[in-house]
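> Okay, here's what each chain looks like letter by letter:
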Amino acid sequence: MAEQRLVVLQGADERDLTKLAEYRAIGGYDALAKARALTPQAVIDELLASNLRGRGGAFFATGRKWSFIPKPDQNPNPHYLVVNADESEPGSFKDNEILSRVPHRFIEGCLITAHAVESKHVFVYIRGEYLGPFEAVRDALEEIREDDQLLGGVTIVVHRGAGAYICGEETALLESLEGKRGQPRSKPPFPAISGLYASPTVVNNVETLATVPPIVAMGGAAYAKLGVESSTGTRVVSLSGNLVRGGNYEVAHGITLRELIYDLGGGVPDGRELKAVIPGGSSTVILTAEEIDVPYDYDALAEVGTAMGSAGVIAIDDRCCMVQLGIRVSEFYEHESCGKCTPCREGTRWMTAILRKLEAGEASDSELDLLLDVCDRINGKCLCPLGETAAMAVASYVLKFRDEFLAHLDGGCPFGSQSPLDGVVAPVNQHTQSPVAEVPA
Amino acid sequence: MSTLYEEIRELMAVYPEPRSATLPALRLAQEKHGWLSPEALREAAEGLGETPAYCMAVASFYDMFHLAPVGRHLVEVCTNVSCALVGAQQVLEAFERELGVRPGETTADGEVTLRTVECLGGCGWATIVALDHRYRTHVQPADVGAIVEELRADG
Amino acid sequence: MSAPENVTLTIDGRVVEVPKGTGLVETAAVAGIEIPVFCYEPRLGPPVGACRMCLVEVEGIPKLQAGCTLTAQEGMVVGTGATSEKAAEGQNATLEFILVNHPLDCPVCDKGGECPLQDLTFRYGPGQTRMTFPKRTLDKPIPISPTIALDRERCILCYRCTRFSESVAEDGQLVARNRGSMSMIATFEDEPYRDLFSGNVIELCPVGALTSTQYRFEARPWEIQNVPTICGLCPVGCNISATTREGKVKRILSRNHPEVDQGWLCDKGRFAYPHLYAEDRIATPLERVRRRGFGEISWDDGLDRAEALLRGAGGRIVTALSGSETIEEAYALGRLLRVGLGAHSAVLPEATSSALDAFRAPLSSIGHAEVVVVIGEERVADRAPIVGLWIKQARRNGGDVVELAEPKLDAELEQRLRSSDRAVLIWSGRAGGGGARLAELAHSLGFDGKPGCSAFHLPATPNGRGVAEAWAAAADRDEANPEPIGLLIVSGDEAAADPAVRALAEKAEHVLAITMYHGLAVGWADLVLPATSYLERDGSFVNLEGRVQRLRRSVIPPVPDELGWISKLAARFGVEISPHASLVFAELAETVYGGEASFGDVGERAPLPARAAYEPPEPRPVAPIPPPAAAPAEHFLGTLRLLRYRPLFSGPTVERVPELRFQRPAAEVELAAADAERRQIRNGDSVTVRSESILTLRARIDRRLPPGVARIAEEHARDLGTTVEVSRSSNPFTSAGGERA
Ligand SMILES: Cc1cc2nc3c(=O)[nH]c(=O)nc-3n(C[C@H](O)[C@H](O)[C@H](O)COP(=O)(O)O)c2cc1C
Ligand code: SF4
Ligand code: FES
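Quick note, the sequences are listed as chains R, F and S, same order. Heads up: the first sequence is residues 0 to 440, going by numbering that gives the first Met the number 0. Heads up: the second sequence is residues 0 to 154, going by numbering that gives the first Met the number 0. Heads up: the third sequence is residues 0 to 740, going by numbering that gives the first Met the number 0.
Just so you know, these hints were derived from the structure itself, not from any lab. A portion of the hints provided could be inaccurate.
Unchecked claim - Pairs of lysine-lysine, PhoX-like flavour, derived with a Cα cap of 25 Å:
no., chain 1, residue 1, chain 2, residue 2
1, S, K85, R, K179
2, R, K179, R, K70
3, S, K19, S, K62
4, R, K186, R, K274
5, R, K356, R, K399
6, S, K249, S, K139
7, R, K186, S, K62
8, S, K407, R, K356
9, R, K18, R, K33
10, R, K179, R, K274
11, R, K119, R, K33
12, R, K119, R, K70
13, F, K31, R, K179
14, R, K186, S, K85
15, S, K19, R, K186
16, S, K407, S, K449
17, S, K62, S, K85
18, S, K391, S, K407
Said to hold, decoys possible - Taking beta-carbon pairs under 7 Å as the criterion, some of the chain F residues facing chain R (in silico):
no., residue
19, Y4
20, S19
21, T21
22, F60
23, M63
24, N79
25, G99
26, P102
27, T106
28, C118
29, G120
Ideal placement from N, C-alpha and C gives every residue a C-beta, glycine not left out.
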């Protein structure tokens, strides 16, 4: 099964779609005109028919999310469309490519969505590190600014983040966009009712929005024919890790993980063996090499106890130590925990500490159980999914590679320096900008 | 040339609520001062109409704001899983050797700060190294010498 | 508003009915069930759900929910840790996570014995630690101000203190820095947490992370007593508990009166109690021996001397009252002087006009107002700090706050006030007849018939109204000022510190001073009788709402209290007055408070008397309010009108507490941005302020100050005249100032 750049990235290999003229040449912004000729409700209906589900991670039906926005007579506050371009999930880099290569399709999606939810204000929250994608969107906006008709009275502000994974969580993103520390809010109220500036707000992922123009163009029903029933349409999958051809591949849902890894990604290089696959970004439950015949769609992945997440597939070869993987992933979440709720803030730090002891061969088997128990005690107790998914992901390494963890109990890591994750310096270990004990005189 | 104060006031006008300009204002202040020194935070606060403590609280939440001095150039090596799986640590060590500093440190001449960072969103093109925020993809240890030379040549 | 709909739900098998939307923590409390919390504190705004101590199981929801963020809904079935194993496990987990890095230094912690973390760990926590790696260690404790110490190791990051700073005091100074497990509470750089209300964070902290430097290692909870009384330092009269140990006050805590103070205290009320133990406190009567020297005499001799002075004056007596006497004391003094000696002349503190009683409402009503109009040049916080908090709350609730220098409303505002059902007027200035003009304004706006519309006058003294009423009740005759004054009686420290009273003393043949401190009396009084503090007296105060509140003696004063010896002295003039505050109150209540209130009725949380019918205030000469100086022409550097103010942190009490020194105003002159710019003065510049005399002060630009005025704290303005010239101090290191003009 080959790659199919059918929808989101369509035309990007043939033309430079960062240019307005090129994009127009393939019918760009026609969908916008078509949508504006429809009532907002009719656009929402198209989306409902497409059964598009959010590409940011939670897979929530986009049309339904839009329909939660109160009508102007129910809530007189302005409506906001906020784009989640914070893409920071390890293993995901699809939005990077979408923004860089098809910025106009993305902007068109924003404008159609703004029409559908009757908003005049769009904020694109883009992670601060994405300088290139930021410039691509900025330049594209520059181009269409000359055409009043296109914007149709909608303002689009591109707002750059400043380095915090948690700001991808929608309520943390809103806090950050309001100029605060990016800590999640407790829900309810949901953003649709009280989001940005306590006003009705739709938060959508970049890929979700870039999928909207093609849906409007081809019709929701036609889109729904792509992919599989529970997961319609296509998905831009990010392949990385120990693969011959890492990169983004737009495929129809339902392709198997094995096809993704071997047919598109070219398999594991240098004749090594595949050991495990993280299927949807580092916060998803790991799969062993034996489990990869699963179709890449929402239901099928849920059936094997994991998730599609942000569609970041990380292939791991047989040199890698799973305890070290646990450390590196745990350190990431420890570093990125916002610090608001107790289980995540303290628990991720504790997880890392136990894993380090295990790796050093200083732990007893009761501490392996303790690790699982700590994960269990984080899971289901946090304010937002960050802590919980971190705990689930790390627990899955223990559960699926228990023998390897047990092998560490006496004598330390059997892989030694052969594992590429050996001794990796994580940002959490470098305190240049956040001194731990700093004392006002 | 407009002052930081004026530029921040302009930023504030972009948003329905002026506090939203905090991140961009801090970025401007950092660009102007090189890092968010107490003085820079005070200036940003003055422009935003917030307290310096508020600005410090916000700035310290985000990794891209520097509350301690950094070099004129920033070398950031992603050591998250995807990059690490294909040898990010070796790339990092090459930079350590080439620059003579450890991650988190700045060269003695104040030119280059070396840091490790979390996933930069380029996993399939690993190893990703951000040089003053411009991504280099597929970086190998062997590339490091040339990169550093280029960086140092760039004034 | 329609009555809220009631809902029925089940918690731990018990059925409760509450109004829909009631918080689950409160709902459970109605059923007698405790949901343990750390971060939840409704006074800090909407719940944040941070600590996860309150986890409960809700039927139909697979995940545990934070009880603090839930509200009661019809048919909800909730299990708390008491009945739900899952919830209990959740709570146990939260506590274990909290304790992972907690130093467990309870034996040396001031919070020990009254610590929610200790209590909840005892009830819900893990039995033993499973933590096998080093705890996070941090430097401890660090002073974040001279009054507050921060121990970051003990901090559980409930964010109560930072939420207080951000959304109650709105000072933006106490913040969280860093992220994740490296998060910590901090101020900016090494700046102290300097806010009028900073001390509240000590009480909000559910562990021993924020503690009082004054109370540090002073007492353990089982050794102390908490005496419910009220603060006597401003006209709000916040309800407080005085913690005492071995006959000494060790700290002041709030004692939430929801209508008055909502459980907040200003730092003056909280931290000023060491004034009781000031070095220059007078312990025995003093008599002038030589020109400036004083000698200690016995109380018997003191009373003899006082009697002699009183008799010697032959009725030519003037009494200067402070407004911090209890009403019982002022009444007793009035009986002694007016009935016993026919000495009716008094310099009374500014009293709130009774005409305002028609617009009475609890202070809490300000917090829900749609529109609040503050009239006058005095900063609200300097006169009645808690009122400032209520005004902030009104603004947070969406109300508009309008500040006016003069009681002149434009047509639009007038219309708004007329049509609003929740409007508040506040008079925060001198003049105005103690709110008489305000009452007229409120009446003209039709506030009489609208219980949600109210008017408040912020007087300069804590009990000015009570003192004036009591003095008036003592006899019903008025007399012109005696000339020359035979004896000036100075009652209390504020009167003693008042330059106007001192000027009067120059003209008096003799002076009898009743004061606590050497520094205030020595040098000009002939006889000094030692005074007591509000923390040492029984009696009553009338606050600015007109609420009669009860002072309870927290500790025995080192000297006889005023009421006791006044009663004795009065007997020598044939006037009978009880030495017991309760009996004096009963007598007074009959005349002033309609004979209904008794000392006992006032209770621990005093009720607010009902509104009176509006009676126009007696016309009296109203001192003109100085008009604001016209904004000078663009390039003309005219004079500025001097705005002197008495800062909250000033006065004889505050001056005697070294920990509060940092709160006192800097030697600054505040200028409007336009005035500063015209003079090329920048923030922090050293400037010369000139009238008859010359001062050098630091300039501070206040973007909210109207142009044309220079604002200087009284203690720094010294003898400057009413108009001043302000210019940049010439700096020898730069060329002469004029060229840039
Ligand atoms: C910790 C965390 C990080 C997240 N990061 C992102 C992100 O980087 N980009 C994104 O689009 N969604 C992210 N999400 C999901 C968002 O909260 C939200 O569901 C999404 O933006 C909704 O858009 P969609 O409906 O178009 O998918 C994250 C969620 C969590 C809990
Ligand atoms: S789970 Fe982690 S990231 Fe989410 S609110 Fe809690 S501390 Fe913050
Ligand atoms: S009390 Fe509910 S989360 Fe803290």
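> Is the hinted pair K18/R and K33/R satisfied, with a Cα-Cα distance of at most 25 Å?
Holds, at roughly 21 Å.
> For a C-alpha distance cap of 25 Å, please report whether K31/F and K179/R respect it.
22 Å, holds
> Under 7 Å, Cβ to Cβ, is where T21/F needs to be relative to chain R, so tell me if that hint holds or is violated.
Nearest chain R Cβ about 3 Å off; hint holds.
> Once the shortest beta carbon distance from Y4/F to chain R is found, is it less than 7 Å?
17 Å, violated
> Just to be careful: measuring from the Cβ of T106/F to every Cβ in chain R, is the smallest value less than 7 Å?
Where the cut-off is 7 Å and the nearest Cβ of chain R is about 13 Å from T106/F, the hint is violated.
> Does M63/F hold up as a contact with chain R if the rule is Cβ-Cβ below 7 Å?
OK, holds: M63/F within 7 Å of chain R, min 4 Å.
> Given the hint that K407/S pairs with K356/R, test it: the Cα-Cα distance must not exceed 25 Å.
73 Å, violated
> Starting from K186/R, check that the Cα of K274/R is at most 25 Å away, please.
38 Å, violated
> Given the hinted pair K119/R and K33/R, is their alpha-carbon gap at most 25 Å?
It holds: about 18 Å lies between the C-alpha atoms, which stays within 25 Å.
> Please work out if K391/S and K407/S have their alpha carbons no farther apart than 25 Å.
23 Å, holds
> When the nearest CB of chain R is found for N79/F, is that gap smaller than 7 Å?
It holds, given that the least Cβ distance between N79/F and chain R is near 5 Å, below 7 Å.
> Has the given pair, K19/S with K62/S, been kept, meaning a C-alpha gap of at most 25 Å?
23 Å, holds
The structure fails hints 1, 2, 4, 8, 10, 19, 25 and 27 (numbered hints given earlier, in ascending order).
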